[in-house]
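Take the given structure of chain P and dock chain Z to it, following the hints.
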Amino acid sequence: MLKAKIFVQLKASVLDPQGKAVTNSLHKLGYQSVTETRISKYIEVTFNSDDETATRNEVEQICNNLLANPNTESYHYELVKEN
Amino acid sequence: MRVSVVTFPGSNCDNDAYSVFASRGHDAKMIWHKDSDLQSPDLVIIPGGFSYGDYLRCGALARFSPIVDEVIKFARKGGLVMGICNGFQILTETGLLPGALMMNQSLSFICKHQNLCVQSSNSPFTKGLEVGTVLDIPIAHKEGNYFIDDDGLKSLIDNDQILFRYCDAAGNISPESNPNGALYNIAGIVNEARNVLGMMPHPERSATDSVPSQDGRRIFEALERYIEQRA
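Sequence order for the protein chains is P and Z.
Start counting the first sequence at 1; every next residue gets the next number (my numbering).
Start counting the second sequence at 84; every next residue gets the next number (my numbering).
Source of the hints: derived by calculation from the structure; they are not laboratory data.
Treat the hints with care, as some may be off.
Looking from chain Z toward chain P, a few residues come up when the C-beta cut is under 8 Å (computed) [to be verified]:
1. A143
2. G182
3. M186
4. F230
5. L236
6. D292
7. S296
Remember, predicted model here, so these are calculated numbers, not experimental data.
No residue lacks a Cβ here, since even glycine has one placed at the ideal position from N, Cα and C.
Isolated chain Z (complex conformation):
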């Protein structure tokens, strides 16, 4: 798989994402935000961090980096795009994903392990994962409180666009298992065409043997299955 990881000023999870893909034998590249060539990837990663210092709104200024127009074109042609944390915020600012990420209800930066429940296997990012699978994937954010209006939520549900919801270790989705106040416990969604994913949790931080959870691998394995079958 050819993977392009975009770095903005203030990105800080770009190397983690790059390392995970490189260590899995993929052709991974780092792309600077001022570049205008994505280098023909199968998958673009918009990584976590604090692009442009989170000034104005998280992701708002990154939207206007030159490479983002290329990412939008790539996504509109059906290319796979995965936005993690700040990357999710950027993708909502571009309009590739609906809704917005608001400040956590607690007003605190939250950095901890979090359980997610897989809601749909109908996507390149969850292909082969059973609905109801619980994944332990860390979160680290202050603005991860997903918001969308009532019509938007209905449309996400009707179109099966919600891939991950926050839950407890047993898979119960409840207000108690919601770390940040996200509407409907939403942790990750895809666009209607199902080729663009945004998620607040960090699968790249749970994909190596040196960390407590390896559940992030399940998402990368799903992508690998998808690419393999497409080829």
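Chain P extracted, bound-state conformation:
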């Protein structure tokens, strides 16, 4: 079994209103050194396969076709073995 640990992030050029609101709250809590907060999505996808090359190929298709919107988001992932 292989598990893909996928992070989907807003591109740097895209305003993240949720992150901005969290930064404001952190400032109110006294964390004045915080300059920016960006909210991302973390998605785990498990595959019934041990073929890393084929699975990487599938993960990239999955990300490009569904999990990330290329207009506004980028993604990166790591593939780990699962028992």
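Only chain Z this time, still in chain P's reference frame:
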């Protein structure tokens, strides 16, 4: 006019759209998202609501409903498609319209009357409407903050693809009249071929005598003029 209104699981403005077209004497049909036949319409409506519970991203999962492939084929052949609110989000996810709808800058769901300024009469959806006409059409969304990159915005402007921008009652387009943070106050755009419209405001909610504004009718009347002249 033959109108097909597509219903996804979680659509909730499909009946409103259907009723408006039916009451105006059109041959309106409801099409389930698992169907694969659009039934030869002149116009397809992708209605508002919360398709698939807005899971992952608004409109992202609806993109993979069987009927959407038919909508894409229909649009590519020049068929008229109108996406309202969640329908606009779905059309950007299909790639039929550029850009994306992000969370409102305020992070709040906004439900209110909103003024829009018509930016172009060169489309089936605004045919006969004067540029600068102010329409009072309600909005109801949390993800209506239109975003596109700089090149994309330039291309929308250069190709006259922006049909509606948020404004005040006097038609002033300003940050104060922008309800959700949308780039360039964009409320509605068409594709380059001008047959696919996406708009966040709900014209179907301002098209009957029982509600405070009837300005949504102006868009349906424009479509009727277009279809009549085409025939």
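Okay, the hints, checked on the actual structure:
Taking 8 Å as the C-beta cut-off, the interface hint given for A143 (chain Z) holds, the closest approach to chain P being about 7 Å. For G182 (chain Z), the suggested interface contact is upheld, since its CB lies about 6 Å from the closest CB of chain P, less than 8 Å. With its C-beta approaching chain P no nearer than about 5 Å, M186 (chain Z) sits inside the 8 Å limit, and its interface hint holds. Hint status for F230 (chain Z): holds, given a least beta-carbon distance of 6 Å to chain P, under 8 Å.
For L236 (chain Z), the shortest C-beta to C-beta distance to chain P is roughly 12 Å, which exceeds 8 Å, and the interface hint is violated. Below 8 Å, beta-carbon pairs count as interface contacts, and D292 (chain Z) has none with chain P, the closest being about 38 Å; its hint is therefore violated. Hint status for S296 (chain Z): violated, given a least beta-carbon distance of 28 Å to chain P, over 8 Å.
In this structure, the earlier hints numbered 5, 6 and 7 are contradicted, and the remaining ones agree with it.
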